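Participant: Here is what each chain is made of, one letter per residue.
Number of protein chains: 6
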Amino acid sequence: MSKLSHIDADNRPTMVDVSHKKETVREAHAQAIVRLPGDIVQHISGDEIGTKKGPVFATAIIAGVMAAKKTHELIPFCHPVGLDDCKITISVDGNDAIIDCCCKVVHKTGVEMEALTGASVAALTIYDMLKAMSHDIVISETRLMAKSGGKQDFYRGQS
Amino acid sequence: MSKLSHIDADNRPTMVDVSHKKETVREAHAQAIVRLPGDIVQHISGDEIGTKKGPVFATAIIAGVMAAKKTHELIPFCHPVGLDDCKITISVDGNDAIIDCCCKVVHKTGVEMEALTGASVAALTIYDMLKAMSHDIVISETRLMAKSGGKQDFYRGQS
Amino acid sequence: MSKLSHIDADNRPTMVDVSHKKETVREAHAQAIVRLPGDIVQHISGDEIGTKKGPVFATAIIAGVMAAKKTHELIPFCHPVGLDDCKITISVDGNDAIIDCCCKVVHKTGVEMEALTGASVAALTIYDMLKAMSHDIVISETRLMAKSGGKQDFYRGQS
Amino acid sequence: MSKLSHIDADNRPTMVDVSHKKETVREAHAQAIVRLPGDIVQHISGDEIGTKKGPVFATAIIAGVMAAKKTHELIPFCHPVGLDDCKITISVDGNDAIIDCCCKVVHKTGVEMEALTGASVAALTIYDMLKAMSHDIVISETRLMAKSGGKQDFYRGQS
Amino acid sequence: MSKLSHIDADNRPTMVDVSHKKETVREAHAQAIVRLPGDIVQHISGDEIGTKKGPVFATAIIAGVMAAKKTHELIPFCHPVGLDDCKITISVDGNDAIIDCCCKVVHKTGVEMEALTGASVAALTIYDMLKAMSHDIVISETRLMAKSGGKQDFYRGQS
Amino acid sequence: MSKLSHIDADNRPTMVDVSHKKETVREAHAQAIVRLPGDIVQHISGDEIGTKKGPVFATAIIAGVMAAKKTHELIPFCHPVGLDDCKITISVDGNDAIIDCCCKVVHKTGVEMEALTGASVAALTIYDMLKAMSHDIVISETRLMAKSGGKQDFYRGQS
Chain U
1 MSKLSHIDAD NRPTMVDVSH KKETVREAHA QAIVRLPGDI VQHISGDEIG TKKGPVFATA
61 IIAGVMAAKK THELIPFCHP VGLDDCKITI SVDGNDAIID CCCKVVHKTG VEMEALTGAS
121 VAALTIYDML KAMSHDIVIS ETRLMAKSGG KQDFYRGQS
Chain V
1 MSKLSHIDAD NRPTMVDVSH KKETVREAHA QAIVRLPGDI VQHISGDEIG TKKGPVFATA
61 IIAGVMAAKK THELIPFCHP VGLDDCKITI SVDGNDAIID CCCKVVHKTG VEMEALTGAS
121 VAALTIYDML KAMSHDIVIS ETRLMAKSGG KQDFYRGQS
Chain A
1 MSKLSHIDAD NRPTMVDVSH KKETVREAHA QAIVRLPGDI VQHISGDEIG TKKGPVFATA
61 IIAGVMAAKK THELIPFCHP VGLDDCKITI SVDGNDAIID CCCKVVHKTG VEMEALTGAS
121 VAALTIYDML KAMSHDIVIS ETRLMAKSGG KQDFYRGQS
Chain P
1 MSKLSHIDAD NRPTMVDVSH KKETVREAHA QAIVRLPGDI VQHISGDEIG TKKGPVFATA
61 IIAGVMAAKK THELIPFCHP VGLDDCKITI SVDGNDAIID CCCKVVHKTG VEMEALTGAS
121 VAALTIYDML KAMSHDIVIS ETRLMAKSGG KQDFYRGQS
Chain Z
1 MSKLSHIDAD NRPTMVDVSH KKETVREAHA QAIVRLPGDI VQHISGDEIG TKKGPVFATA
61 IIAGVMAAKK THELIPFCHP VGLDDCKITI SVDGNDAIID CCCKVVHKTG VEMEALTGAS
121 VAALTIYDML KAMSHDIVIS ETRLMAKSGG KQDFYRGQS
Chain Y
1 MSKLSHIDAD NRPTMVDVSH KKETVREAHA QAIVRLPGDI VQHISGDEIG TKKGPVFATA
61 IIAGVMAAKK THELIPFCHP VGLDDCKITI SVDGNDAIID CCCKVVHKTG VEMEALTGAS
121 VAALTIYDML KAMSHDIVIS ETRLMAKSGG KQDFYRGQS
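Protein chains in written order, with my numbering: chain U, 1 to 159; chain V, 1 to 159; chain A, 1 to 159; chain P, 1 to 159; chain Z, 1 to 159; chain Y, 1 to 159.
Calculated directly from the structure, the hints in this document are not laboratory data. This one's a predicted model, so the numbers in the text were calculated from it and none came from an experiment. One should not assume that every hint holds.
Which copy is meant is left open, because identical chains are indistinguishable; a pair holds if it fits in one copy or across any two.
Pairs of lysine-lysine, DSS-like flavour, derived with a Cα cap of 30 Å [to be verified]:
no.	residue 1	residue 2
1	Lys-108	Lys-22
2	Lys-21	Lys-151
3	Lys-151	Lys-108
4	Lys-151	Lys-22
5	Lys-21	Lys-108
Make a model of the complete structure from these sequences and hints.
Facilitator: What follows is the structure in structure tokens.
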């Protein structure tokens, strides 16, 4: 399994050396979808989540940005890269709250994990803020949508 | 929206006061599923992930447990409750790596967010360890399976 | 200077042993005042800070609560005590944004530093959110208003 | 309120993208003043705080520098910029302990919040170290004194 | 290797469940020894380290206590237990700086790792403070001296 | 003691300004040795530690790398420098588990403390994973082996 850059020749987990790489603009966009049960959606439609300006989503955005900055503390072999930008937006589509997290930095390695971590923690925060109303909230998809600036760009066509 | 315990009368986000509550044994079980693309599954079947003993899953378990301990640093209004136990197990079923995270503490409030955070960060770590092979790895479901010890127990029937 | 419990007989800084103390309900209330220059107050009066519901104050509340939970990481000899509650409210009085932070826990030692830290970081966050408009924002008073549950209660009469 | 760079078009809190900015030497100087009640000043004048070498101030300096390094973990939309230098000095003037915190980095964005956070946490630490003697210690002024290296330098004339 | 409580039946690392255990007073004493090269000892004998009051040792004490509070963030399967006390003292014996770290808590599990972590980070801090003078500083022994309050007390006779 | 760059003219602890220094490739190699009692060595020789692939060493490697990334949070006057690489390997020689930690970054200051911190926390983690079998585990030597890229390279001949 030589492609696994995080496993060394002795089958031990390991960091990847990026010291020789050139700095480029790295961008990554990740998405997480929170599936809300019908009664929450109904209950809140004309209100805070409906207007998309209230404290549930603001809290999730703040928690997600702060978590993106902590990615290298959470994911063992992630490099600490700083962040030049981390934008999280949340929109509602039917029963789904859709979280988009876009990270950017000028560095030797990418911010894919930062974008995924920011989206995940924003999703967990929405769960936490709403869990008094239902436990049937599911984070149904967390995935990379696009990345650029590294060896190979990635772009996921919308399914 | 009076049911939202994390929003106060002024529509501001807020913590919930648990000082008056009695300590009980609180348990929570969360699950996250990582959907692996076919070529990763095929490539690794007779190897490390196949044997379930190798460093990818061990790394994910360690990262998940360490993140569960940090839950109150990530989720703005979570109480710091400590943890008497946090067990993460990972099994493979077809294309899915299934992460189960069970948390336990004797405290005034539950560990639902701890179990969800532990499962989420273990899933993100699997993604990070395997992403050199494919970016089409999706964390497809993150959800609470069961909780007990609070006002009302919750148990999700397997779908 | 024998009253300085954080200095030992060798003039070294030191933690205070609280292992023998009884757990009681500990509460503390701290206040920080952010003095805003006239043009910020004027500019924003009919808007977000005016309505007291917008993202500046929500962001400050979230940052303050998260910092209160980190108090023992910031103040060298503070005990890690957890928090059963941390409520931050922000009101505007003339040119002042007044931050009140109330912390509560059942523990052997108090949460005075937690309340002061939560108020301080909420004040710093207001500064950060508004500093694009002016650098003449001053955090003019940070102080304890009341505490109870320890050897001696404290209550500051309003000046 | 278009001047608020931390609020986006949807009235949500947001980080500012600095990826396109040039790195320059950024410096910031913040000050916090701790007003000590007369009996503390009297009590300690010929002693440790009097000599300015003892553990109260050394502890505050260490806590302040460590907090300055954590600024981006405390203030939600602060960029993680590292720090090339953080110097904290403390002097006594009458009843006031005056904390000066100077931060420096070569980066795309400034260290104003780092200087303010370092000064604030040093002030909170002085409070903590002395609170066994009195609760009437007030952090009376926390403010930016000067900054340079960004779009516009700032220098506060002494009041 | 059934005695390894941190390895589960599948040979995966795991936390130990302590939820059923009774709280008792737990104490642990660890020691780390920093061996200083002759020229440092000679250079500093009549000075700060000689007087044992100066900033090198004070800084090490503060760093060690703060690290002891972070033990569960550093050691993957350590429980977060809080700390009722953490006392670090440093003495000089010939070429050795001897660091003693004593931790105490009333909890279900012990503070052995907290004491060892506090002593280790105090030792690393002494190294950092003195490394401009020599790189031949060695942390020569880090070990548990005594623990009590658990299933079995431990006491190491001085060798 | 003018050589102590971390002590200022007032005998206060202080950070060193590195803003004017040029970025170079900085490398450091530190080693920590864990002396295991005979019965542990005997017990595990044909097993997990014997095969060097099992969870004790993998856990120690992960904990050590994560701690190296946190060095500036633990050591008061260490600069936050990021890390381009951190490789930890563990080998067994008789009764000794030998931990080598190599760190690399392109920065203005070195990663000596990062390498020492990574090795120390890996050693503490081995202790934690094995302590159910014996408390007579000693971390017998923690020291710098080599560093390069700064004013003066250092290389320790093997003793």
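Participant: Each of the hints needs a verdict: does it hold here or not?
Facilitator: Comparing the hints with the structure gives:
In the homo-oligomer, the alpha carbons of Lys-108 and Lys-22 lie at most 30 Å apart both inside one protomer (5 Å) and across protomers (17 Å), since each shortest distance falls under that limit. Within a single copy, Lys-21 and Lys-151 get their C-alpha atoms as close as 11 Å, and across copies as close as 24 Å, so both meet the 30 Å cut-off. With identical chains, the CA atoms of Lys-151 and Lys-108 are at most 30 Å apart both within one copy (11 Å) and between copies (25 Å). For a Cα distance limit of 30 Å, the shortest separation of Lys-151 from Lys-22 qualifies both inside one copy, at 11 Å, and across copies, at 24 Å.
In the homo-oligomer, the alpha carbons of Lys-21 and Lys-108 lie at most 30 Å apart both inside one protomer (5 Å) and across protomers (17 Å), since each shortest distance falls under that limit.
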